[in-house]
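J.: Can you make the complete structure from the sequences, with help from the hints?
Number of protein chains: 2
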Amino acid sequence: MAETTYPSQGFNTVNRYKHQATYDVETIHTIVNTTPVLHVSFVPDPSIPAPIVLPMIGQMGLSPTDQAAGSEDWKCYLHGYVSSRLMRLADDAVKRGEQGLPLCVAATKVDGFVLTLTPNSHNYNYRSAVLQGFATIVEDTAEKIWAMELITNAVVPDRYANTRVPPDGAEMQSTRILKMKITGASGKVREGVPEDERKDMKREDVLDSVWTGVIPVYEKLGEPQPGPYNRVKEVPEHVRKFVDGENERREKYAFEAAHKPAPLKRPAKKEEGV
Amino acid sequence: MAETTYPSQGFNTVNRYKHQATYDVETIHTIVNTTPVLHVSFVPDPSIPAPIVLPMIGQMGLSPTDQAAGSEDWKCYLHGYVSSRLMRLADDAVKRGEQGLPLCVAATKVDGFVLTLTPNSHNYNYRSAVLQGFATIVEDTAEKIWAMELITNAVVPDRYANTRVPPDGAEMQSTRILKMKITGASGKVREGVPEDERKDMKREDVLDSVWTGVIPVYEKLGEPQPGPYNRVKEVPEHVRKFVDGENERREKYAFEAAHKPAPLKRPAKKEEGV
Numbered sequence: 009m010a011e012t013t014y015p016s017q018g019f020n021t022v023n024r025y026k027h028q029a030t031y032d033v034e035t036i037h038t039i040v041n042t043t044p045v046l047h048v049s050f051v052p053d054p055s056i057p058a059p060i061v062l063p064m065i066g067q068m069g070l071s072p073t074d075q076a077a078g079s080e081d082w083k084c085y086l087h088g089y090v091s092s093r094l095m096r097l098a099d100d101a102v103k104r105g106e107q108g109l110p111l112c113v114a115a116t117k118v119d120g121f122v123l124t125l126t127p128n129s130h131n132y133n134y135r136s137a138v139l140q141g142f143a144t145i146v147e148d149t150a151e152k153i154w155a156m157e158l159i160t161n162a163v164v165p166d167r168y169a170n171t172r173v174p175p176d177g178a179e180m181q182s183t184r185i186l187k188m189k190i191t192g193a194s195g196k197v198r199e200g201v202p203e204d205e206r207k208d209m210k211r212e213d214v215l216d217s218v219w220t221g222v223i224p225v226y227e228k229l230g231e232p233q234p235g236p237y238n239r240v241k242e243v244p245e246h247v248r249k250f251v252d253g254e255n256e257r258r259e260k261y262a263f264e265a266a267h268k269p270a271p272l273k274r275p276a277k278k279e280e281g282v
Numbered sequence: 009m010a011e012t013t014y015p016s017q018g019f020n021t022v023n024r025y026k027h028q029a030t031y032d033v034e035t036i037h038t039i040v041n042t043t044p045v046l047h048v049s050f051v052p053d054p055s056i057p058a059p060i061v062l063p064m065i066g067q068m069g070l071s072p073t074d075q076a077a078g079s080e081d082w083k084c085y086l087h088g089y090v091s092s093r094l095m096r097l098a099d100d101a102v103k104r105g106e107q108g109l110p111l112c113v114a115a116t117k118v119d120g121f122v123l124t125l126t127p128n129s130h131n132y133n134y135r136s137a138v139l140q141g142f143a144t145i146v147e148d149t150a151e152k153i154w155a156m157e158l159i160t161n162a163v164v165p166d167r168y169a170n171t172r173v174p175p176d177g178a179e180m181q182s183t184r185i186l187k188m189k190i191t192g193a194s195g196k197v198r199e200g201v202p203e204d205e206r207k208d209m210k211r212e213d214v215l216d217s218v219w220t221g222v223i224p225v226y227e228k229l230g231e232p233q234p235g236p237y238n239r240v241k242e243v244p245e246h247v248r249k250f251v252d253g254e255n256e257r258r259e260k261y262a263f264e265a266a267h268k269p270a271p272l273k274r275p276a277k278k279e280e281g282v
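Residue numbers (our numbering), protein chains in the order written: chain A, 9 to 282; chain B, 9 to 282.
Watch out, some of these pointers could steer you wrong.
For identical chains, the list gives no copy identity; a pair is met inside one copy or between any two copies.
Unchecked claim - Below, simulated DSS-like cross-link-like pairs (lysine-lysine); rule was C-alpha separation at most 25 Å, straight line:
#, residue 1, residue 2
1, Lys207, Lys268
2, Lys249, Lys210
3, Lys207, Lys241
4, Lys241, Lys189
5, Lys241, Lys260
6, Lys210, Lys103
7, Lys260, Lys249
8, Lys249, Lys189
9, Lys210, Lys241
10, Lys268, Lys241
11, Lys249, Lys103
12, Lys268, Lys210
13, Lys207, Lys260
14, Lys189, Lys103
15, Lys207, Lys189
Worth flagging that the hints you see were computed from the coordinates, not collected in a lab.
T.: Spelled out as structure tokens, the structure:
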């Protein structure tokens, strides 16, 4: 059976604000899979400890190919180009007999600006996930097409089937998919009302003069704008449903997060003690 | 005089979609300073080429301290905690006599989902910036307070002066600010209508059946929600002005970007040839 939590190893243990930390597999996968841009870091030259971080499109999933091979561990699939440095580095790592290129991937969603009495207590409502692992290039054609569909449908559900598919030979050649095996992962979630320190909560002058509250933040999808060569008069059902459904869901999340109890006031868990 | 472009060195040269690349200092600073979360990567152990990437709050600016010292180069200031690994690593690097901890910082804004005839041509309208450099901890008290104000006001303009300030001794002790000297930077901007390959633009069946256009995307600020201990009845002017002004500006940008000419159809520049 697949594990329901990621191992908390030294490198991915959350040390600050532990009560906001999660190692829950489903929570982490959801954060990654609802974030439109992932930030992917790697070290281009192992002899120099200077990393690069780049924005990429990606998704976590369990391919039929992996399932058939008996694996239940989700991988992170990242979309790229044949000529990109990242792809060359992953290729080189495998050729050297290594298990892949060491990668770290972060996904972050801002849900609100939390305004408190003093700058030091200001915060964000947010959800973030960080993955570590090793990436290789997907060579299996069936798995590659599966991943292309996964990533396209992550932008707009059902989009893949509503476009000209399958990819032709040139498209298969020019696209590469990185597959990252996860060796460690962690997430952090902050939601709730503002929270100030006791010293400021005693100050009548401060309480009387500083507005405290949350500005909800969410990624809004605007009315779809047809392009110059579009011939389909109605915005199709898969696009319409996505825009309306997501806007409702995202707005609801950000506003609800703004009214939940503050994290530090929730029942303490064993591992707390920041 | 300050340079108006960043040097295009090997490590930050944009090789893919060069016509979307920029090294313009003002463009890069604006992308960084309007992105609520920066993704910061570093290598925790120089003997292992495995990076970490973390979400952080930061801003670029030129401090009065640097100005007084004759510098005109903007630095990237990042907010952190005394105990964090990143701060310890920066401290250690300086103690070893190095110029700082090698960092890479990315800022990315999604402005739209660009839906084309075929998955391969799907794209985002977006703005991204990547900075590379070396980070040290800000020790000068005046510069540290200046940076705290810069970062607080980046979340909501004028917020700092509308809270209980200045920070007290304990707050100054528990907060650390990283200052990153920029050694290279680049940006990428994609805006415009969808764009498909010639082979698909000739397919009447595809043109007749696939909707093409842009879904504008922007970060929306919801109605400010007062917290449980707020006593200030009216949402203050600095918050109201920010929410209303930003929503208008962001919506306008995303919709305008959705209607601009496609990048590849713009006049070719010398360095093009992807």
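J.: Hints first: check each against the structure and report whether it holds.
T.: Each hint, compared with the structure:
1. Lys207 - Lys268: So lysine 207 and lysine 268 pass the 25 Å test inside one copy only (23 Å; across, 53 Å).
2. Lys249 - Lys210: Classified as neither: same-chain Cα gap 49 Å, cross-chain 29 Å, threshold 25 Å.
3. Lys207 - Lys241: between (61 Å within a copy, 23 Å between copies)
4. Lys241 - Lys189: So lysine 241 and lysine 189 fail the 25 Å test inside a copy (43 Å) and across (52 Å) alike.
5. Lys241 - Lys260: between (31 Å within a copy, 24 Å between copies)
6. Lys210 - Lys103: Neither: 64 Å inside a chain and 41 Å across chains, both beyond 25 Å.
7. Lys260 - Lys249: For lysine 260 and lysine 249, both the intra-copy (16 Å) and inter-copy (23 Å) Cα distances are at most 25 Å.
8. Lys249 - Lys189: neither (33 Å within a copy, 46 Å between copies)
9. Lys210 - Lys241: between (61 Å within a copy, 19 Å between copies)
10. Lys268 - Lys241: Classified as between; 20 Å across copies, 43 Å inside a copy.
11. Lys249 - Lys103: For lysine 249 and lysine 103, neither the intra-copy (45 Å) nor the inter-copy (56 Å) Cα distance is at most 25 Å.
12. Lys268 - Lys210: within (23 Å within a copy, 54 Å between copies)
13. Lys207 - Lys260: This pair counts as neither: shortest intra-copy Cα distance 33 Å, inter-copy 43 Å.
14. Lys189 - Lys103: within (17 Å within a copy, 36 Å between copies)
15. Lys207 - Lys189: Close neither inside one copy (47 Å) nor across copies (36 Å); limit 25 Å.
Taken one by one, the earlier hints fail for this structure at numbers 2, 4, 6, 8, 11, 13 and 15, listed in ascending order.
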